[in-house]
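Student: Chain A is fixed; fit chain B onto it per the hints.
Here is what each chain is made of, one letter per residue.
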Amino acid sequence: MRAAVVVFPGSNCDRDMAVALRAAGADVTMVWHKDASLPDAVDLVAIPGGFSFGDYLRCGAIAAQSPICRAVVAHAHRGGYVLGVCNGFQVLTETQLLPGALMRNSGLKFICKAVDLTVETADSAFTAGYQTGQGIRLPVAHHDGNYTVDPAILAQMQGEDRIAFRYASPLNGSVADIAGVLSENRRVLGMMPHPERAVDAGHGGTDGQALFRELVGQVVQA
Amino acid sequence: MKARVYVMLKTGVLDPQGEAVRHALGSLGFDGVQGVRQGKVIELDLADGTSEDEIGKMCDKLLANTVIESYRIEVL
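Chains A and B supply the protein sequences, listed in that same order. Numbering follows this note's numbering, with no gaps: position 83 of the first sequence is 127. Numbering follows this note's numbering, with no gaps: position 39 of the second sequence is 63.
A couple of the hints might just be wrong.
With a cut-off of at most 20 Å between alpha-carbon atoms, the simulated EDC-like pairs for lysine to aspartate or glutamate come out as follows [what the hints assert, rightly or not]: (1) Lys85/B to Asp99/A; (2) Lys64/B to Asp99/A; (3) Lys26/B to Glu76/B; (4) Lys85/B to Glu98/B; (5) Lys153/A to Asp39/B; (6) Lys153/A to Glu43/B; (7) Lys34/B to Asp194/A; (8) Lys78/A to Asp99/A; (9) Lys153/A to Asp221/A; (10) Lys34/B to Glu93/B; (11) Lys157/A to Glu258/A; (12) Lys64/B to Glu98/B; (13) Lys26/B to Asp69/B; (14) Lys81/B to Asp69/B; (15) Lys64/B to Asp39/B.
Selected chain B positions facing chain A (Cβ under 10 Å, derived; list incomplete) [what the hints assert, rightly or not]: (16) Ala44; (17) Lys64; (18) Val91.
Derived Cβ-Cβ restraints for the label pairs, each shown as a range [as the list claims (entries may be wrong)]: (19) Ala44/B to Ala196/A: 26 to 32 Å; (20) Ala245/A to Ser75/B: 55 to 61 Å; (21) Gln200/A to Thr35/B: 30 to 36 Å; (22) Tyr30/B to Ile197/A: 23 to 29 Å; (23) Thr35/B to Asn229/A: 39 to 45 Å; (24) Leu68/B to Ala67/A: 42 to 48 Å.
If you are wondering where the hints come from, they were derived from the structure by calculation, not from laboratory data. For each residue, glycine too, the CB sits at the ideal point set by N, CA and C.
Next up, chain A with everything else stripped away, as it sits in the complex (with noise of 0.2 Å):
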C-alpha cells in the first residue's frame, strides 16, 4: 500500500504518522503543502496532527486552502483514502470533505491525555480491526476538539453508521461525545485522538495499531 502523508508548516505529528504507518507494512512517501499533486498511485493520504500554519485564522482553515489539498479532495473524490488526525481532522472539515467544524474545547483548556473510547463501527476499512462496541485508549492532545454538526446532518451520519468513535464519558463538548466520523463512502475518516501515539509499548498503548495494520491490510487487497 502506497501512502503520503501531507506536511504543513507547524505540523508535529506527521513523522509519528509516518512511523506508524510504516510499522504496519506502508511504502511511505512525504508530500509537502507546496506540492500540487500526489504521488503516482497513492491509496491513503494521511493528514498529521499538529498546528498548521499556526492555527491561524481558525483550525486547519489556511492550510485546506493549499496546493495539496485541492490533490487531496481530488484523490478523495476519486475514492482514494484519506486518514485525518486531530489538526488533520480540522483540515478535513474545513475541506469539507467531512462535514462538521471543530470548536475550541468547551472547558477552554487544552487537553493532553489518554482517554477511553468506544470503537462504534467497525464497518470502515479503518475500524474493522476492532470489534463494534470495543472500548480502547488513545492518547488526545487539541485545544479545538468539540465537534459540531448540524442536527440533520448528524441523525443522516448516525443513520448510516459513520460515526468511528466515540469518547467514554464527556471530554470536549462534541455533540454526542462524537471523537471521530467517516465519510458517506466510509473512505475518509477524521478523528481527534491520535492512533500513531499508541502504536509501540513504549508508547504507554498499543491500541491504535490495530487501525494501521487493518487499513494497510485491506487496502493491499482492494
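Tutor: Only chain B this time, still in chain A's reference frame:
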C-alpha cells in the same frame, strides 16, 4: 478602498470563549452582563472597485467557516 468583515459564531452555536469572558466580567463585579459573544474583525485593504460580491466570496471560501460562523461586510 477598505472593507471590514465581522465574523461571529452563528446564533445558537455555543460560544465557550464568550461564556468565559462573561464569567470573568461577573467576577470583576460587573453585574448584569447577560451574555457575551466573541468574534473577529478582519480589515481588508482592497483594489478600488472590488465588489461586495467578491468580498462575499472571500468570506465563504476562507474568512468564515459558514458551518458555524456568519459574517457581515462593511465597505468603508
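Student: All the hints need checking, so say for each whether the structure fits it.
Tutor: Right, here's what the structure says about each hint:
1. Of the supplied pair hints, the one linking Lys85/B and Asp99/A holds, its CA atoms being roughly 17 Å apart against a limit of 20 Å.
2. Note on Lys64/B and Asp99/A: the hinted pairing holds, with a Cα-Cα distance of about 14 Å set against a maximum of 20 Å.
3. Between Lys26/B and Glu76/B, the direct Cα distance comes to roughly 11 Å. Compliance with the 20 Å bound is thereby established for this hinted pair.
4. Restraint check for Lys85/B and Glu98/B: satisfied, since their Cα atoms lie roughly 18 Å apart, inside the 20 Å limit.
5. Restraint check: the Cα-Cα separation between Lys153/A and Asp39/B comes to about 14 Å, which is no more than 20 Å; the hinted pair holds.
6. For the given pair, Lys153/A sits about 14 Å from Glu43/B by alpha-carbon distance, which is consistent with the 20 Å threshold.
7. Straight-line distance between C-alpha atoms of Lys34/B and Asp194/A comes to about 12 Å, which keeps the hinted pair within the 20 Å bound.
8. A C-alpha spacing of about 18 Å is found between Lys78/A and Asp99/A, which places the hinted pair at or below 20 Å, so the restraint holds.
9. Between Lys153/A and Asp221/A the alpha-carbon distance is near 17 Å, which keeps this suggested pair within the 20 Å criterion.
10. Using a Cα cut-off of 20 Å, the hinted pair Lys34/B and Glu93/B holds, with the two alpha carbons roughly 5 Å apart.
11. As the CA atoms of Lys157/A and Glu258/A are separated by approximately 25 Å, the hinted pair breaks the 20 Å bound.
12. Distance restraint check for Lys64/B and Glu98/B: the Cα-Cα separation of roughly 13 Å lies within the 20 Å cut-off, and the hinted pair is therefore satisfied.
13. Of the pairs offered as hints, the one joining Lys26/B and Asp69/B holds, with about 5 Å between alpha carbons and a cut-off of 20 Å not exceeded.
14. Annotation: proposed proximity of Lys81/B to Asp69/B holds, straight-line Cα distance about 16 Å (limit 20 Å).
15. Note on Lys64/B and Asp39/B: the hinted pairing holds, with a Cα-Cα distance of about 13 Å set against a maximum of 20 Å.
16. A distance limit of 10 Å between C-beta atoms decides the matter here; for Ala44/B the minimum to chain A is near 5 Å, and the interface restraint holds.
17. For Lys64/B, the interface hint holds, the least distance from its beta-carbon to any beta-carbon of chain A being 8 Å, beneath 10 Å.
18. The interface hint given for Val91/B is met, as the beta carbon of that residue sits about 4 Å from the closest beta carbon of chain A, less than 10 Å.
19. Hint check: Ala44/B to Ala196/A, Cβ distance near 29 Å, so the stated range 26 to 32 Å holds.
20. One distance hint, 55 to 61 Å for the beta-carbon pair Ala245/A and Ser75/B, holds here, with the actual separation near 60 Å.
21. Against the hinted window of 30 to 36 Å, the Cβ-Cβ separation of Gln200/A and Thr35/B comes to about 23 Å, which falls outside the hint.
22. A hinted range of 23 to 29 Å for the beta carbons of Tyr30/B and Ile197/A is consistent with their spacing of about 26 Å.
23. For Thr35/B and Asn229/A, the Cβ-Cβ distance of about 33 Å falls outside the hinted range of 39 to 45 Å, so the restraint is violated.
24. Checked against the given bound of 42 to 48 Å, the beta carbons of Leu68/B and Ala67/A, roughly 47 Å apart, stay inside it.
In summary, the structure is inconsistent with hints 11, 21, 23 from the numbered list given earlier, while agreeing with the others.
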